[in-house]
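Participant: Make the full structure from the sequences, and use the hints.
For the sequence shown, the residue numbers in the working numbering are 15 to 267.
List time: in silico DSBU-like cross-link candidates among lysine-lysine, alpha-carbon distance up to 35 angstroms:
1. K263 with K99
2. K25 with K114
3. K44 with K255
4. K251 with K224
Everything labelled a hint here was simulated from the structure, so no lab data went into it.
What you are looking at is a predicted structure, and each value in this text was computed from that prediction instead of being measured.
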Amino acid sequence: MFVDTHCHIFKSDYDNIDEVLNNASNNNVKYYINNGSDREYNKEVLELVKEYDNMYGALGIHPETVDDYSLDDIEFIKNNLSNEKIVAIGEIGLDYHYTKENKDEQIKLLEMQLSLAEEYNLPVIIHSRDATEDTINTLKKFNCRGTIHSFSGSLETARIYIKMGYLLGVNGVITFKNAKIKEVIKEVGLENIILETDSPYLTPEPFRGKQNNPGHVFEIAKFVADLYNISLEELAKKTNKNIANMYKKMKLD
Numbered sequence: 015m016f017v018d019t020h021c022h023i024f025k026s027d028y029d030n031i032d033e034v035l036n037n038a039s040n041n042n043v044k045y046y047i048n049n050g051s052d053r054e055y056n057k058e059v060l061e062l063v064k065e066y067d068n069m070y071g072a073l074g075i076h077p078e079t080v081d082d083y084s085l086d087d088i089e090f091i092k093n094n095l096s097n098e099k100i101v102a103i104g105e106i107g108l109d110y111h112y113t114k115e116n117k118d119e120q121i122k123l124l125e126m127q128l129s130l131a132e133e134y135n136l137p138v139i140i141h142s143r144d145a146t147e148d149t150i151n152t153l154k155k156f157n158c159r160g161t162i163h164s165f166s167g168s169l170e171t172a173r174i175y176i177k178m179g180y181l182l183g184v185n186g187v188i189t190f191k192n193a194k195i196k197e198v199i200k201e202v203g204l205e206n207i208i209l210e211t212d213s214p215y216l217t218p219e220p221f222r223g224k225q226n227n228p229g230h231v232f233e234i235a236k237f238v239a240d241l242y243n244i245s246l247e248e249l250a251k252k253t254n255k256n257i258a259n260m261y262k263k264m265k266l267d
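Facilitator: Right, dumping it as structure tokens:
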């Protein structure tokens, strides 16, 4: 039994969510953390986690929407953190890939959400793209734990995050032919990773080019189990232990 710890399962991308989740269940993927990224997706997360027993949620404002959020959106997140199905604040972070011109605003937004996580003792799900130094420096200001989503950095960077109390999210990128992340993930050890898809994005081989879905955690799991030379059962057991230790509100059976 596996968990997709990071996906975006919304009606704007999937015509039939029931079918998507049934397919995942048939591929030994039983639980999901559905990540919000702006005010509308955060509202839909709340609706979906109520509808689906095996779906948990994270609420957050993504750095790419930094120019569109309001303080009311932060208040909305705060007002829903007591929901038993909301297990984290995410997807939040820094993204300088397209522009650095609004980086001060991005950092301010991230700090507001890290402050909430600290206050409510919830883990965070961090997006960091072309912004490693600022991400690390900002996280160091707060007493938070969580996951570095879609980690793709160096072994040195991985060890910094791990020392700070963060897990590394491993997704379909690790299956790509020229992905350099394979050796880093192998080196950090199973106790520091969890599996994710980032659906509908980052579809793993051999399905690359098609829309991703949570069922593809199983393909990622097979690749990682081979990387560590362990069974799928052992991989599930160890990664689920990591998830349970990090996301205390999740009930995994």
